[in-house]
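Engineer: Keeping their order, the protein sequence lines are chains A and B. The opening residue of the first sequence carries number 1 in my numbering; numbering runs sequentially from there. The opening residue of the second sequence carries number 1 in my numbering; numbering runs sequentially from there.
In case anyone wonders, no lab produced these hints; they're calculated from the structure. Glycine included, every Cβ here is placed at the ideal spot set by N, Cα and C. Check before you lean on any hint, since a few could be wrong.
Claimed, not checked - Here are the computed lysine-lysine pairs in the BS3-like style, where the Cα-Cα straight-line distance is at most 25 Å:
#  : chain 1 : residue 1 : chain 2 : residue 2
1  : B       : K151      : B       : K111
2  : A       : K437      : A       : K91
3  : B       : K154      : A       : K437
4  : A       : K229      : A       : K181
5  : A       : K91       : B       : K296
6  : A       : K441      : B       : K95
7  : B       : K192      : A       : K6
8  : B       : K225      : B       : K287
9  : B       : K95       : B       : K225
10 : B       : K143      : A       : K437
11 : A       : K490      : A       : K91
12 : A       : K526      : A       : K437
13 : A       : K181      : A       : K98
14 : B       : K95       : A       : K526
15 : B       : K154      : A       : K98
16 : A       : K137      : A       : K229
17 : B       : K111      : A       : K98
18 : B       : K287      : B       : K305
19 : B       : K143      : A       : K526
20 : A       : K245      : A       : K137
21 : B       : K154      : A       : K441
22 : B       : K154      : B       : K143
23 : A       : K437      : B       : K95
24 : B       : K225      : A       : K98
25 : A       : K441      : A       : K385
26 : A       : K91       : B       : K225
27 : B       : K151      : A       : K526
28 : B       : K287      : B       : K306
29 : B       : K225      : A       : K526
30 : A       : K437      : B       : K151
31 : A       : K229      : A       : K206
What the hints assert, rightly or not - Covered stretches of chain A (in silico footprint by chain B; criterion: 3 or more residues with CB under 8 Å from a CB of chain B, positions within the stretch not fixed):
#  : stretch
32 : 3 to 14
33 : 80 to 91
34 : 94 to 103
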Amino acid sequence: MNRSTKNIFDRILTDYPLLWNTRFPQMMLALIIAHLFFFACGYVSLNLAALRNYDNLLQVGGVTLYWFSILCSIGFLIVWLVYFLRNNAFKVYYQLDKNYFLYQWIIIFVIVGGSISFYESFHAGVALKIRKLVPEKILVQEVNILNRASSFMPVNRNDYFSLNNCENDSVYYDASWLYYKIKNNSEQTMEETLSGEYRYDSTALKLIYIELQKPDAFRHVNHCQDIIKLANYPGFISAKDRQEKRQEWLNTERIDSMQKAIQDLLDLFSKYSFRHNFNADSIARMNLSDTIFHLEFFDGDNRNYTDYDNYDPDYMQVENYQYERYLIGKLGYLKNGTRNILNLADERYREENSSDDRKQFWPYLFYIITALSLFLFTYRLFSRKIFLWSIVASIILIIFLSLITLAAKDADTSFPVGVLFIYGLLLIMALITNNEKAGNKTFSGVVITLLAWLLPYILLFVVILADRYLIEHTHYSFDNPLRDQILQRKYPISFWISHNSDLIIRSNLLLVFLLIGFVFPGLARKWHGKAEE
Amino acid sequence: MNLSFHHRLQQVQDYFTQGDHHLGYRRLLDATLETENLELFEDALHFAEFYEQNPSDSNLPTHLGNLLRKLENANISVVTNNNTPKIITEQISKKYASGNFGLSGVTLNVKPGEIIGLVGENGNGKTTLLRLLYGDLLPDTGKLTYHFEGKPAKSDAYSLRSRLAFVPQRHSVWYGGLMENLQFTAAHYGMKGNANRLWTEMIVARMGLRQFRSYSWNRISSGYKMRFELARTLLRRPEVMLLDEPLANLDVLAQQIILEDLLYLSESLSHPMAVVLSSQQLYEVEKVSEKVVFLKNGVPQIQSKKERDSTSKVETGLIIELESTATRNEITAAIQVLQPTQISYNGGVYLLYFSSVSFGEVMQALAQSGLPIRYIRDISQSSRRFFDN
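Please work from the sequences and hints to get the whole structure.
Structural biologist: Shown next, in the form of structure tokens:
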């Protein structure tokens, strides 16, 4: 250690003994380096060619990364604990700063949090790289290319169904499902075909059935589909906005325009490393054939079949030669692959409601950090003996609660009720034992420790109970639009709790953090000063 | 200039002049600590380094003289109101829940500047009394009150215990370097930055731990662990020190030094301390203690220094402790003429009881007999007499 570094650590030791004792500076330095390492790994693990391999951010790195980050977390925590669990100023009755415990709690929380979130840094690196590879402006351009060209690339009969709607695609899926049902049971009546289906009464389904019987149920003019819908992006052109121009090109046989649109998409395939030998002109002309089901011109070959060997040709609704099925299948494969890439990028700009929204995961991560930190914090506040007895008591309580739950009629309710009941008992015992000047310190220490350990979950059990209460006390169908209004009027508290569970879960974290930082140290201090007997 | 401080500095000069360098060195550091002046700490540490590297250097008197002159000009904040007891126990008693043992009726005033020695055979309540004073046990009956900085102490048990420095017989393990650990302790007691380093270095030098500064706990011997514990305790600047068997792992010389040091530290002018210590080293403890509490089966007998030093004849008569290779018959024959009331022998030492003779007469009788005498001591006023042979 050089002189200046030693001076810094000496100054930390003399002026900030808690930081020195918890090895906070060293740990933070190590954690920052480790997080940067994971971030960099995430960043370099992806390139333009590799984008096609992932549908989801979390797939990058795979299981190997997952286990590696867990191993790193365990390693960091073990090394830290070797130092952290040593000297303890509190246990030898040193005079302590009034915020000593709060600071210690924060330090533990930060280090534990930093040690178990390497996975997040990796994905932050991946996310940044995706943004780098597909900037927002490029994303909009490429989505527009994909959407525009896709309407001239018939790969799925359902895209051209007469009842298709620009705003939602539910009809699309119903038509697809029903089309096959009709095709496979051509002798059946509508009632027979729909018999046994859960949506038999649906008027919409009947309408689709009737429409499917018509010879012109599938036509170019019906196409109104976005392969990707971008919300709130400037420059995005929706299917509805494109529909008029598309129809004009078809009506006026603007082969060159269609060809240009298709060529743009073929270039996009190439950009994302999808190999193909398609010819834009052939595909464009296909749009002008009598029906989309008689594909006359296709350039290409089947030598690259392995490019999409996971592709299932049966998905195709083209009843033509196998060769054509293959070509159209490949086209669909390329479109889907490109769509996945652009979706992946879209989700990086649209964090909310994305399939890998990490913010949704954070409350769970924070609960894990809180639980682990609480274990360490109570170990620092109490003795090893108390810690071990608390673990034993926890196991006994879990067995006891499990037995009660098994014996009870309603297991979903009895477990949370049991936990809340035990917590109430612990609170009463803590109030009684904590006011004694001397007594069984082991018992009172275990009581306070269990109170701390259970604290993060108490409000969660209240939320569960509120949900259960509403379910048990209502007979209104979920489809009933008045259901919420009735429940809110009859059970306002349960309704509020149930409908604000996200807020409660997040607020609970803050509440627990403050209670542990401010209230529990006071109990521990009183406990520690108490006479043995 | 405080006369008493001046007298202490003169003592330092005398010790060095008379060749008692080690004693002079320790007292010099004590005097420097009295000043609580960081510049003087720096000077004293330079002197300490010079002294430890060149103990016989001809320039030593010059360096010493320079430092003493600076010390003479230093301001000392002498604590004048020094008579309020830090701990007052009134007939406190304790019986363990297990029912095996009980301590009864201890009334004691623990004053700053005084050492109270707790003596007694094993299992007679020394540690129990210390734990009661420390708040680790709650008395069943009686009253226990604390005064710090002249005021009754707060009822907050943790705060109270943070002001009572308790050094248990078995020390808890401290990890890391000794110097770091001591600095860590000092940091909790308001010593920041350079002040922290200087205070710690001074205490380390005072306790003779300079060469072990970078050592870890496991590398030092039991005796030095005790010194380390004392250093750690002194850095807490306690008003009361409670020491459980501090002499247990020390050699004879170290025992004497530690006890003398404790006496000197307790009589500090700027920061007098009350010291309560338990020990089996009866005579050593008696020498420095203002009061000796002899505990037998939990019942205390308290003897003050004044009583011990009294030349008046005690009711028990003359009691002599004697160690000799002579047989019991030979010793009995030698003192027969003095009509001993009782002779007891435990295989190592004899206890000779007389009703109306002087110590000189016994010495004369033994000298005339020509018996080999290894050790002889008048314990008529000593707590030793309470121990069964």
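Engineer: Enumerate the violated hints, using their earlier numbering and listing them in ascending order.
Structural biologist: The structure conflicts with hints 4, 5, 9, 11, 13, 17, 24, 29 and 31, although it agrees with all the remaining ones.
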